[in-house]
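Enquirer: Protein sequence lines correspond, in order, to chains A and B.
When we follow our numbering, the leftmost residue of the first sequence carries the number 6, and every step to the right adds one.
When we follow our numbering, the leftmost residue of the second sequence carries the number 6, and every step to the right adds one.
Source of the hints: derived by calculation from the structure; they are not laboratory data.
Keep in mind the model is a prediction, meaning the values are calculated, not measured.
Don't take each hint at face value.
It does not matter which identical chain is used: a pair holds within one copy or between any two.
No more than 25 angstroms apart at the CA atoms, straight line, and that leaves these computed lysine-lysine pairs for BS3-like [claimed, not checked]:
id	residue 1	residue 2
1	Lys-69	Lys-58
2	Lys-221	Lys-232
3	Lys-420	Lys-221
4	Lys-420	Lys-237
5	Lys-32	Lys-420
There are 2 protein chains.
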Amino acid sequence: MNKVSSLSTAIQSWMADAGQQARAAAKAIARASTGEKNDALWAMAKRIDACSKDILEANGQDLKAARTANLSGALLDRLELTEARVSAMAEGLRQIAALPDPVGEISGMTARPSGITVGRMRVPLGVIGIIYESRPNVTADAAGLCLKSGNAAILRGGSEALHSNRLIGECLTQGLLDVGLPGGIVQVLQTTDREAVSAMLDSPQYIDVIVPRGGKGLIEKVSAESKVPVIKHLDGNCHVFIDRDADMDKAVEVAFNAKCRRYGVCGAMETLLLDEAVAPSVLERLAPRYREAGVELRGCDRTLQWLKDGIPATEEDWSTEYLGPILAIRTVDNLEDAMAHIARYGSGHTDAIVTNNLQKSQRFVREVDSSSVMVNASTQFADGFEYGLGAEIGISTDRLHVRGPVGLEGLTIQKFVVYGDGTTRA
Amino acid sequence: MNKVSSLSTAIQSWMADAGQQARAAAKAIARASTGEKNDALWAMAKRIDACSKDILEANGQDLKAARTANLSGALLDRLELTEARVSAMAEGLRQIAALPDPVGEISGMTARPSGITVGRMRVPLGVIGIIYESRPNVTADAAGLCLKSGNAAILRGGSEALHSNRLIGECLTQGLLDVGLPGGIVQVLQTTDREAVSAMLDSPQYIDVIVPRGGKGLIEKVSAESKVPVIKHLDGNCHVFIDRDADMDKAVEVAFNAKCRRYGVCGAMETLLLDEAVAPSVLERLAPRYREAGVELRGCDRTLQWLKDGIPATEEDWSTEYLGPILAIRTVDNLEDAMAHIARYGSGHTDAIVTNNLQKSQRFVREVDSSSVMVNASTQFADGFEYGLGAEIGISTDRLHVRGPVGLEGLTIQKFVVYGDGTTRA
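Construct the entire structure; sequences and hints are all you get.
Expert: This is the structure:
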């Protein structure tokens with residue numbers, strides 16, 4: 006049961022060290038003023054800009070090793086930094102500085118009959134552990150979000166990005182020291198030892214929440230093993246349902262955009278649900294556009310009546326997040342049937358209805374149990390920036406704490422604040 | 006690792022049954038209107054009122070068994086139902102009916118530059134598992150809160166209250182059926198098998214969150230074992246700090262009330278911290294009142310200078326939640342010192358400062374990391390009813406999802422709702 010016991014002494018003592026440093030740093034950053042935090046973000050950005058060449062050189066080392074190890078092209082692309090990407094990283098930190106500080110916000114102050122006044126104050130979570138893969142820009146991005154929300158961060162990136170992350174980590178630490186804050190507020194792990202991840206997952210005494218960023222495999226592993234609460238972002242098997250009462254022009258645009266704007270994002274539509282009353286006419290307009298874009302269409306039996314050269318969809322298709330130019334299409338009887346399909350096969354990420362019928366839109370919004378439900382809009386909008394959160398550390402498909410895109414507020418919690426005037430309880 | 010495998014087949018199949026029933030019922034109650042939910046609460050209350058005699062008889066059986074088993078007086082008191090207590094149970098359900106329905110509330114609807122409008126809708130968590138001890142009134146109370154917040158509930162009470170809980174459970178189920186809702190919305194377990202608890206803790210596929218209610222031992226066991234997220238309520242080692250800038254009349258009243266209003270509640274003060282500048286004068290007024298109330302005073306060395314007949318406090322006293330007529334008193338240098346003491350020994354439940362100094366009050370509120378921080382008010386106010394939540398299923402000392410008293414809102418989460426007009430993402 007106790008995973009600690011199976012960890013090496015070296016890793017245990019490393020974790021105790023990092024954990025105690027993070028706990029101490031968390032106190033400092035929780036108390037820091039908005040000005041101090043913004044100064045730190047600007048100082049970090051400045052350090053990154055100044056070290057651009059060194060970061061690119063370190064990244065070159067990582068890329069070389071990745072090529073030798075025959076990593077895939079997609080992975081190499083995620084790993085690669087360019088001058089523009091490094092500069093975007095610094096700019097990202099300055100943008101976080103420009104966001105409103107959620108910490109300290111007091112809301113709902115209400116006078117109670119007893120004589121006390123009660124409200125809630127937003128406070129940081131404490132220490133956030135980030136476990137992520139390949140993209141080195143996550144290092145600066147996640148660290149910035151944790152810092153602005155008053156949290157300390159322990160970051161553990163992919164081993165393939167070790168040299169890049171080390172350099173970026175040094176810039177972040179230097180930035181903190183430049184403005185007189187403890188460097189321990191952001192700790193970027195300098196080890197590729199897989200045990201370090203296990204140690205983090207096993208340390209609720211040091212880490213308050215784990216945010217895994219990466220593929221489904223990583224997130225499932227982290228969730229299964231972790232004794233620390235996890236903010237999960239599982240798969241996005243997203244649906245668009247075109248209702249018989251939809252405006253067909255709008256339906257076509259939304260369905261096309263939901264699939265084709267970008268294939269590889271979690272908000273991309275994977276299954277299109279068509280009300281049978283409009284299925285033939287929708288298909289007539291949409292199928293040629295999808296084909297032109299190179300999207301493979303897989304349909305249910307009913308759909309294939311009108312989609313002569315479509316590929317028969319199997320049961321597995323309904324559950325698959327393609328993240329590529331493939332679309333499953335199912336013709337359904339009505340709204341009820343569509344919602345039943347989404348409930349059965351969906352992943353609770355983002356689902357949309359296209360309709361002009363108010364009652365149906367209301368039922369869809371209320372009854373579809375996804376982190377984002379949309380009416381007459383493309384599922385590709387599922388994104389913290391698009392929602393106005395200013396930034397995003399991930400998209401939660403969880404049911405506790407935070408659901409949907411997670412911005413600064415999702416990295417905080419509210420405590421109660423009570424004022425009296427020598428007030429006692431009867 | 007996998008605890009399921011060590012559970013008996015009977016318990017596994019029982020859990021699968023109960024879990025599937027709860028999942029189906031959760032959908033029904035999530036969609037129920039406020040009116041339907043309130044009708045159900047009234048019908049449950051009516052059934053409880055009508056079965057009062059039977060419930061008392063069943064309770065008599067439990068009490069008899071408890072006496073035979075030599076359970077403690079405090080436990081017998083918690084277990085015992087009277088006509089008044091049964092009637093209060095029914096009244097509690099009607100009060101929950103009178104509370105505003107949190108489900109479906111949409112907030113923060115904002116137009117975005119892209120053309121979409123984004124807001125958040127409050128939705129139920131799903132299935133809530135309640136694991137509790139002795140008090141049979143928790144059965145009705147917790148079930149009512151879960152139902153009103155649109156959740157299904159699986160309740161597992163203490164074996165000592167089995168007969169009482171069974172009868173109450175039947176009333177609740179009947180009430181649901183009376184108004185045409187599925188009885189599975191509230192399942193009160195009819196088993197005292199300890200494995201049932203393990204099965205619940207091992208079933209994230211059926212249960213979305215566990216709320217344990219009971220002693221520290223129960224909560225620690227549940228937290229350590231559970232694969233389902235837990236809303237924890239650990240101990241309340243609460244402090245009152247009397248600053249040198251306090252109004253001494255108010256300080257005396259607050260400190261007396263915080264300890265003596267009720268000893269056994271989690272919001273009771275356990276350690277009094279005195280600014281050394283006012284320690285002698287405060288003690289001169291407070292010590293006689295505590296003594297008159299029968300409170301044993303244990304002081305640090307400095308305190309004992311002025312509290313001649315006090316008992317020397319040991320290191321252990323600072324960490325102890327007495328829940329009884331004992332008070333630890335420490336004299337500290339200043340606010341800084343007081344906050345350091347609270348950070349080191351406190352349990353993050355409820356801590357108060359008495360002061361007229363604005364800056365000090367602000368620092369205390371911001372920097373003390375407790376689920377409730379108070380200024381010039383008695384820690385005994387830490388309570389959902391007092392805070393205006395209308396009801397309370399517990400007090401969370403957690404850092405995720407909800408912190409402090411948990412009312413209906415704490416049993417819900419917000420999802421994102423997006424409206425467009427055929428809007429596509431660029």
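Enquirer: Within a copy, between copies, both or neither: where do Lys-69 and Lys-58 come within 25 angstroms Cα-Cα?
Expert: For Lys-69 and Lys-58, only the intra-copy Cα distance (16 angstroms) is at most 25 angstroms; the inter-copy one is 80 angstroms.
Enquirer: Within, between, both or neither: how does the pair Lys-221, Lys-232 come out at a Cα-Cα threshold of 25 angstroms?
Expert: both (19 angstroms within a copy, 19 angstroms between copies)
Enquirer: Which holds for Lys-420 with Lys-237 at a C-alpha limit of 25 angstroms: within a copy, between copies, both or neither?
Expert: both (23 angstroms within a copy, 15 angstroms between copies)
Enquirer: State whether the alpha carbon distance between Lys-420 and Lys-221 is at most 25 angstroms within one copy, between copies, both, or neither.
Expert: Between. Shortest inter-copy distance 21 angstroms satisfies the 25 angstroms Cα cut-off; intra-copy 33 angstroms does not.
Enquirer: When Cα atoms must be at most 25 angstroms apart, do Lys-32 and Lys-420 count as within-copy, between-copy, both, or neither?
Expert: Only inside one copy: Lys-32 and Lys-420 sit 16 angstroms apart there, 31 angstroms across copies, limit 25 angstroms.
Violated hints are absent here; each numbered hint is respected by the structure.
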